[in-house]
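Enquirer: In case you want the letters, here they are:
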Amino acid sequence: MNRILKSREMLLAIAIVVLIGGVATRFPDFASPLSLAQAFNDTSILIILALAQMSVILTRSIDLSTAANLCFTGMAVAMLNAAHPELPVAVIILVALLWGLALGAFNGLLVWKIGIPPIVVTLGTLTIYRGLTFVLSGGAWVNADKMSASFINFQRQSLVGIPVLSWIALLVIALSYIFLRYTKTGRDVYAVGVNPTAAVYTGIDVGRTKFIAFCISGLISGLAGYLWISRYVIASVEVANGYELNVIAACVIGGISIAGGVGSVAGAVMGALFLGLIGLALPVINVSPFWQLAISGAAILLAIVLNARSEKVAGRIILKKAQSA
Amino acid sequence: MSIEIRHIPDRLDSPLSGVLRSWEMLLVIVAVLVFTFNSFASPHFLDVWTLSDMTFNFTEKALIALPMALLIISGEIDLSVAAILALSSTFMGLAMSFGFGTPVLVLVGAVVGLACGAFNGALVTGLKLPSIVVTIGTMSLFRGVAFIILGDQVYKNYPESFDYFGQGYVFWVFSFELVLFLIFAAVFAFLLHFTSFGRRLYFVGRNATSAQFSGVNVKRAKFILFCLTGVMSGVASVLLTSRLGSTRPSIAQGFELEAITMVVLGGVAITGGAGTIPGVVLAALIMGLVTFGFGLLNVPGIVMSIFVGLMLIVVIALPILWRRFVWVMKNDK
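Line order of the protein sequences matches chains V and B. The numbering used here applies: residue 1 is where the first sequence begins, and numbers increase by one. The numbering used here applies: residue 326 is where the second sequence begins, and numbers increase by one.
The following block holds chain V by itself, in its conformation from the complex (with noise of 0.2 Å):
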C-alpha cells in the first residue's frame, strides 16, 4: 500500500484530480463527466503518440522524428483522399499506417544496422521528412472543401456515446499494454533498456529490439497524422510544428526514464492527459493561453526532479564515490 501511494503513477493521478479539483471549485462544469470525456477526446492523439514514444525511449533510444512524421503521413492521405475521394476510411487509415511504419522503419534499419545514434538520426529525418512533406504538396494546403466528409466524420462518429477517436486511443492503450507486458518483444524492449549489454548475453538482439520499437513509433505517428488531419480539417507543412518535444514532454512527467528501461503505461497516458489538461483548463479560468508553455516547461522540470529522486532510492549503491561523480 505504501508504494503504491509512493509510485509516481499515483502521484501524477493526486496532481491530476487536484489540477480537475482546483479549476472545479470555480467552475463547476469542468469536472463534469461530459466535460472530462471531452477532454479525453481532445488529449487522446497525444496519448497515441506519447505510447508510442515510450516503447523508443524504453529501448535507450529516442524519436525526435514522430511529429514530422505525422505531418509527411497526413498530407499524404489527405491528397489521396482529395484525389479519390471514393476510397473508404479502412484504406485511408492502412494507407496511413503504412506509409507511417515505413517512415519509422527507415529510422529504425539507420538505427540498427549503421549503428548511428538515435538522437542523430531522427533529427536528421525530422527535418528531411517535413521537407518531403512540401515536396509531395508543392507548398500547397489541403483544406476541409477539398476532404470527404467520411474522411473528416470518420472519428467523430459516436459509439456506445463515445468518438470513435476516444475508442482509437482506448484500443492503443489496451494494445500497448498487452505488448509491453505480455509478449516477449514488448519484455524485451524493458531489457534493452536497463541494461543492453546484460540484453545481449541473455540472447536478445538489441538492434532488431529498437528496430521494432522505431517501427511501433512509426506505425502509430502515421496512424496520428490521419487523425491529426482529419480532426483539424487541414493539412499543411507546419502541421504538428515542434510537436514532438510536446510528446517527449508528456513521457517525460508520464514517469518515463530517458535513460531507459523504467516507464508504464499507465504513466504515459497520465503524463498526457496531464499536459492536454492544462491546456484546457488555462482559458476556463481565463488565464492567457501564452502561459501554457512556460507551465508545461515548469511541469517538466518538476517532473524529472521528482523522477530523479525517486530512481535514486531504486538503485544500489555500490561505488558510492563513483555515484557522486
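To be clear, the hints were calculated from the coordinates, so they are not data collected in a lab. A couple of the hints might just be wrong.
Claimed, not checked - Residues from chain B shown here face chain V by an in silico Cβ test under 7 Å; the list is partial:
no., residue
1, Ile461
2, Leu466
3, Arg468
4, Ile627
5, Val633
6, Ile638
Only a predicted model underlies this, so the values are computations on that prediction, with no experimental measurement involved. Backbone N, C-alpha and C define an ideal beta-carbon position, used for all residues, glycine too.
Given the structure of chain V, go ahead and fit chain B onto it with the hints provided.
Expert: Just chain B now, with coordinates in the frame of chain V:
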C-alpha cells in the same frame, strides 16, 4: 594500457597522413565542391558582396555551435539555446521599452543568456539530472516566459546605434557578425585545443567517473560550459535581434537543431569525447554555402532542409560503413 591511452587524443598520431585522412580534410573537400558547384549554379555567386551576404546565413547559429561543441564533447547537450535566444531578445526589447540605450541592451542580452545557462547548469550538475530532459524542459520554460511577456505583440524600433551589430560592417565586406564569429572561433579553438581546461573536457566526455577520480572537477567544468553556452546564445540574440530589428517570442525557432547539426557535421561525437573547433567552423561554412547555393537556385528553404538532414545522416554513416568495410577486408586476408 598504452593502447587505451592512444584512443584519448582528438587527433590521429601521424601528423601528415592524419591530416589528410582527417574529418576536417573531408569537410574542406566538401566545402570546395559546394563552392565550385555554387559558382557554376549562379553567375552572381562569385561576387565579394554576395559572399559577404552568405555569411549571415550561419554566423548567429555558428556562434551557438561553438560552445555547444564543447558541451557535447564533455558528454552533455543543450536543446534550450534557441529558447534562451528568444528570452534574451525579449528582455532586450523590455529594456528598450523602459528607454535604455544600446550598451544596456547588449548587457541585458548577455546577462539573461548567462542566467539561463547557469540555471541549466545548476539543474544538470547540482541535481544530477540528464541534460537532454532538463533542456527540453527549460526550452519550453524560457520560450514560455518570452510568450508570457510578449504574447502576440512585437518589440521594434530599436535604437539606430543598435543596428550596427547585425547590419554593420567592420571594414569593406567584413560584417561585424562575421568578424565577431571569427574572433570567437579563435577563442574557442584556443580554449579547447591549447588549455588544460579544454583537454580535460575530452577526458570528462570519455569517462566522467575516471576524470573525477583523476582530480578533474567535472561538475564545475560542466557548469562553466552551460554558462558559456548561455552567454553565447545571448550574444547571438543581440546579433539576430539587431539584424531583424524586431523581437517576437517565436524568434529563432528551430535554431537548436541547426546548431547541433553543425556540431555533429563538424565531426564532434554525439556520445562525447571527440571533436575539434576547426571542424565545427568548416561545418558551419558548408551549411551556409549549401543553403545559400540553394537560395541562388530559388530552392525553397524547406527543401534545403532535406539536404541538411540527409547530410547529417550520411556524414555520420559513411565513416561507420567505411570502418566496417576496412574491417571486413582485413579479416578476409
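Enquirer: Each of the hints needs a verdict: does it hold here or not?
Expert: Against the structure, the hints:
{"no.": "1", "hint": "Ile461", "result": "holds, 6 Å"}
{"no.": "2", "hint": "Leu466", "result": "holds, 3 Å"}
{"no.": "3", "hint": "Arg468", "result": "holds, 6 Å"}
{"no.": "4", "hint": "Ile627", "result": "holds, 4 Å"}
{"no.": "5", "hint": "Val633", "result": "holds, 6 Å"}
{"no.": "6", "hint": "Ile638", "result": "holds, 4 Å"}
Every hint, counting from the list given before, is met by this structure.
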